Amino acid sequence: MRSVIALLMLALPCAAEVAPQRAQALQHMVQQDCGSCHGLTMKGGLGRPLTAEALAHAEPEGLALIILDGVPGTAMPAWRPLLTEDEAMWIARYLKKD
Amino acid sequence: MKTSLLMAALMACTLALPARAETPCCATGDLGLVVERATGSLLVIDRSDRASIGRIEGLGDLSHASLTYSPDERFAFVFGRDGGLTKVDMLTRQIVARTLQAGNSIGGAISDDGRLIAVSNYEPGGVKVFDADTLALVADIPGTSKTIGLVDVPGRRFAWATWDSGEAFMADFSGAEPVLTKLGDVGKNPFDAVLTDDGHTYLIGLFGEKGVTAIDLWDADPKPLRFLQDYGKTEEDLPVYKMPHLQGWAFTEGQYVLPAVGQHELLWVDRDSYAEVARTPMHGQPVFIIAQPGSPYVWVNFATPLNDTVQVVDSRTHQVVKTLTPGKAVLHMEFAPRGAEVWISSRDDNKLMVYDTRSFDVLAEVPANSPSGIFFTARAHQTGL
Numbered sequence: 001m002r003s004v005i006a007l008l009m010l011a012l013p014c015a016a017e018v019a020p021q022r023a024q025a026l027q028h029m030v031q032q033d034c035g036s037c038h039g040l041t042m043k044g045g046l047g048r049p050l051t052a053e054a055l056a057h058a059e060p061e062g063l064a065l066i067i068l069d070g071v072p073g074t075a076m077p078a079w080r081p082l083l084t085e086d087e088a089m090w091i092a093r094y095l096k097k098d
Numbered sequence: 001m002k003t004s005l006l007m008a009a010l011m012a013c014t015l016a017l018p019a020r021a022e023t024p025c026c027a028t029g030d031l032g033l034v035v036e037r038a039t040g041s042l043l044v045i046d047r048s049d050r051a052s053i054g055r056i057e058g059l060g061d062l063s064h065a066s067l068t069y070s071p072d073e074r075f076a077f078v079f080g081r082d083g084g085l086t087k088v089d090m091l092t093r094q095i096v097a098r099t100l101q102a103g104n105s106i107g108g109a110i111s112d113d114g115r116l117i118a119v120s121n122y123e124p125g126g127v128k129v130f131d132a133d134t135l136a137l138v139a140d141i142p143g144t145s146k147t148i149g150l151v152d153v154p155g156r157r158f159a160w161a162t163w164d165s166g167e168a169f170m171a172d173f174s175g176a177e178p179v180l181t182k183l184g185d186v187g188k189n190p191f192d193a194v195l196t197d198d199g200h201t202y203l204i205g206l207f208g209e210k211g212v213t214a215i216d217l218w219d220a221d222p223k224p225l226r227f228l229q230d231y232g233k234t235e236e237d238l239p240v241y242k243m244p245h246l247q248g249w250a251f252t253e254g255q256y257v258l259p260a261v262g263q264h265e266l267l268w269v270d271r272d273s274y275a276e277v278a279r280t281p282m283h284g285q286p287v288f289i290i291a292q293p294g295s296p297y298v299w300v301n302f303a304t305p306l307n308d309t310v311q312v313v314d315s316r317t318h319q320v321v322k323t324l325t326p327g328k329a330v331l332h333m334e335f336a337p338r339g340a341e342v343w344i345s346s347r348d349d350n351k352l353m354v355y356d357t358r359s360f361d362v363l364a365e366v367p368a369n370s371p372s373g374i375f376f377t378a379r380a381h382q383t384g385l
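Residue numbers (this note's numbering), protein chains in the order written: chain E, 1 to 98; chain F, 1 to 385.
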C-alpha cells in the first residue's frame, strides 16, 4: 500500500527536470558512489548489475523508489536523505539510458 | 636533490651498461601504487620523494580494486572488479601478465611463501588460486555465494567468508593437494573479514544481523565465537552509504577497534574478553580505521556524504584528538611503515595528501586521477595483507 501511494506521489516528478549542473553531480555520484557496490561500469558487485540491459524490464518509477527507500534486508540503503524524488527519477532514467 | 641524484645514477647506469638500460637502477622499498579507479590505471609513487614517478595503464575496471605485493616487492598483483588479475612490474612499470579469471571479483591475497595468488570472486562465487610467476590456474574452489574477506594465513593457507551463505572456509595448500575445511557458520551476510597481525584471530563483521564472529586460527579445531551481540545493523539504524572495510581494523592497546555499522561510532573491544570497553562518537559512518604504526592513534575516514573528513582517535582515552579535511571524497589512508607520514586519497579533488602524523602539517600534495586505494610495498611483509 505504502509503495502504491509513493508511486502515485512520484507520478508528478516524472516530467520534472534536473538542472544541468546537478545532473552532472548526479552522474558522478552514480558512477563513483553507486559504483562502490554496483561497479563503475554498473556490471554489479555486492549489489546487482544496473546496466541498461539488466534494467530493461524495470519501470523508472519503481527504480526511483528503490533508490529513495532502499531494499530492506539488503545492503541497499535509502538515499532519500540525500536525493529529491526528481533526482531519483533522473538517476533511474539515466541508468536505463532512456 | 634525491631525484637529481637518482637521475644522475640512472644516466650513469645507462651509459655504463646499455644492455641493462631497460631496468631502472632503483629499488622498490619506498615505492607504492595508487589505484586510479575511473581510468583503470595505477600511479607509481615514491614515498621518499613524496611524488608520483609513473603510471601503469590498461587494468580494466578498478572500482573497489586492491592489490598485494610479491616478497621481493618488485611485482604487484592487482585484483580488479571486472575479474581481472593483473601482475605489474614496479621497476619497468609494465603489465607482465593479466588474466580475466572471473566475471566479477572483489579482492585477493598472496600466500606466505609468495608462490600463490588467491582471488575472491562475486560472480561466479568461490576462490581461484594462481601461480604467482605465471598466473596459471592452480586450483578452482567453486562456490555459489559471493566471497568476502579473503586473507592469507601462515602455512600456505587462505581463509575467507561468504556473503550469501554466511560461512567461513580455510584452504590449506601446504600439501600435495589442497585441503578445504569449513570453519563454520558465522552469521548472516558477513561484509568483510580480517586477520589479526599475529595471525591468531580471524574476525568477521556481519551486516545482516548483530554481532561479530571471531575464529581462533591457532586452535587445532577452530570454531566461530560470536561477540558484540548488540553490534551491527538494525532496521532503525542510519543508512550505510558505503560498506565499512575491515582490512585496516586496528588492533591497539589490547583492543580491537571496530566501525559501527549504521551508527556514527567506533566500538572498542577488549582483545581477551571480547567485551565492549568504550564507544567513540564520530563525524560519520566509519569506513577505514587504521592504526598509525608506533603510536596509540587510529585514523578514520567516512562514508559519503560525510567523506571529506578524517579523524584521529587516541586508543587510550577513546577521544578524537584531531579532525582534518584533506579533500573531497577521502577513500583511503596508508601509513609509511614506521608511521611518520600518512598518505590520504581524495577522489573528487584528484589528489593525494601527505601529512606529518605528529604535527599534522601537509608535507605534499600529489596529483592523481580519482585515486582510491594506496598501497606501499612494505605490505609485502605483512600477514593478512
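None of these hints come from the bench; they were simulated from the model.
Remember, it's a predicted structure, so these values are computed and weren't measured experimentally.
We treat Cβ as the ideally placed atom computed from N, Cα and C, and that holds for glycine.
One should not assume that every hint holds.
In silico DSSO-like pairs for lysine-lysine, Cα to Cα no more than 30 angstroms straight-line [stated by the list, open to error]:
| hint | chain 1 | residue 1 | chain 2 | residue 2 |
| --- | --- | --- | --- | --- |
| 1 | E | K97 | F | K242 |
| 2 | F | K242 | F | K182 |
| 3 | F | K328 | F | K188 |
| 4 | F | K223 | F | K351 |
| 5 | E | K97 | F | K328 |
| 6 | F | K210 | F | K188 |
| 7 | F | K188 | F | K223 |
| 8 | F | K182 | F | K210 |
| 9 | E | K96 | F | K328 |
| 10 | F | K351 | F | K322 |
| 11 | F | K328 | F | K223 |
| 12 | F | K242 | E | K96 |
Across the chosen pairs, the derived CB separations fall in these ranges [stated by the list, open to error]:
| hint | chain 1 | residue 1 | chain 2 | residue 2 | range |
| --- | --- | --- | --- | --- | --- |
| 13 | E | I66 | F | W218 | 39 to 47 angstroms |
| 14 | F | S273 | E | E17 | 55 to 63 angstroms |
| 15 | F | V362 | E | H28 | 48 to 56 angstroms |
Here are a few chain F residues that sit away from chain E, every Cβ distance over 10 angstroms (derived from the structure) [unchecked claim]:
| hint | residue |
| --- | --- |
| 16 | P239 |
| 17 | Y274 |
| 18 | D361 |
Hints and how they fare:
At most 30 angstroms may separate the alpha-carbon atoms for a hinted pair to count; E/K97 and F/K242 meet this at roughly 25 angstroms. Simply put, F/K242 and F/K182 have alpha-carbon atoms about 29 angstroms apart, close enough for the 30 angstroms limit, and the pair holds. A distance of roughly 33 angstroms separates the Cα atoms of F/K328 and F/K188; the hinted pair therefore is violated under the 30 angstroms criterion. In summary, the hint linking F/K223 to F/K351 is not supported, as the alpha carbons are separated by about 44 angstroms, beyond the 30 angstroms threshold.
Distance check on the hinted pair: E/K97 and F/K328 sit about 28 angstroms apart at the alpha-carbon level, within 30 angstroms; holds. Simply put, F/K210 and F/K188 have alpha-carbon atoms about 9 angstroms apart, close enough for the 30 angstroms limit, and the pair holds. Distance hint between F/K188 and F/K223 is fulfilled; the C-alpha atoms sit about 16 angstroms from each other, no more than 30 angstroms. About 22 angstroms separates the Cα atoms of F/K182 and F/K210, which keeps this hinted pair within 30 angstroms; it holds.
As the CA atoms of E/K96 and F/K328 are separated by approximately 28 angstroms, the hinted pair is consistent with the 30 angstroms bound. With a CA separation close to 21 angstroms, the supplied pair F/K351 and F/K322 stays within the 30 angstroms bound. Note on F/K328 and F/K223: the hinted pairing is violated, with a Cα-Cα distance of about 42 angstroms set against a maximum of 30 angstroms. Annotation: proposed proximity of F/K242 to E/K96 holds, straight-line Cα distance about 23 angstroms (limit 30 angstroms).
Distance hint for E/I66 and F/W218: a CB-CB separation of about 44 angstroms, consistent with the stated range 39 to 47 angstroms. A hinted range of 55 to 63 angstroms holds for the C-beta pair F/S273 and E/E17, which are about 58 angstroms apart. Under the hint 48 to 56 angstroms, the C-beta atoms of F/V362 and E/H28, about 25 angstroms apart, miss the expected range. At roughly 3 angstroms, the least C-beta separation between F/P239 and chain E is not larger than 10 angstroms, which violates its mark as non-interface.
Listed as outside the interface, F/Y274 is consistent with that label: its C-beta sits roughly 25 angstroms from the nearest C-beta of chain E, beyond the 10 angstroms cut-off. The Cβ of F/D361 sits about 29 angstroms from the closest Cβ of chain E, beyond the 10 angstroms cut-off, so the non-interface label holds.
Of the hints listed earlier, those the structure fails to meet are numbers 3, 4, 11, 15 and 16, in rising order.
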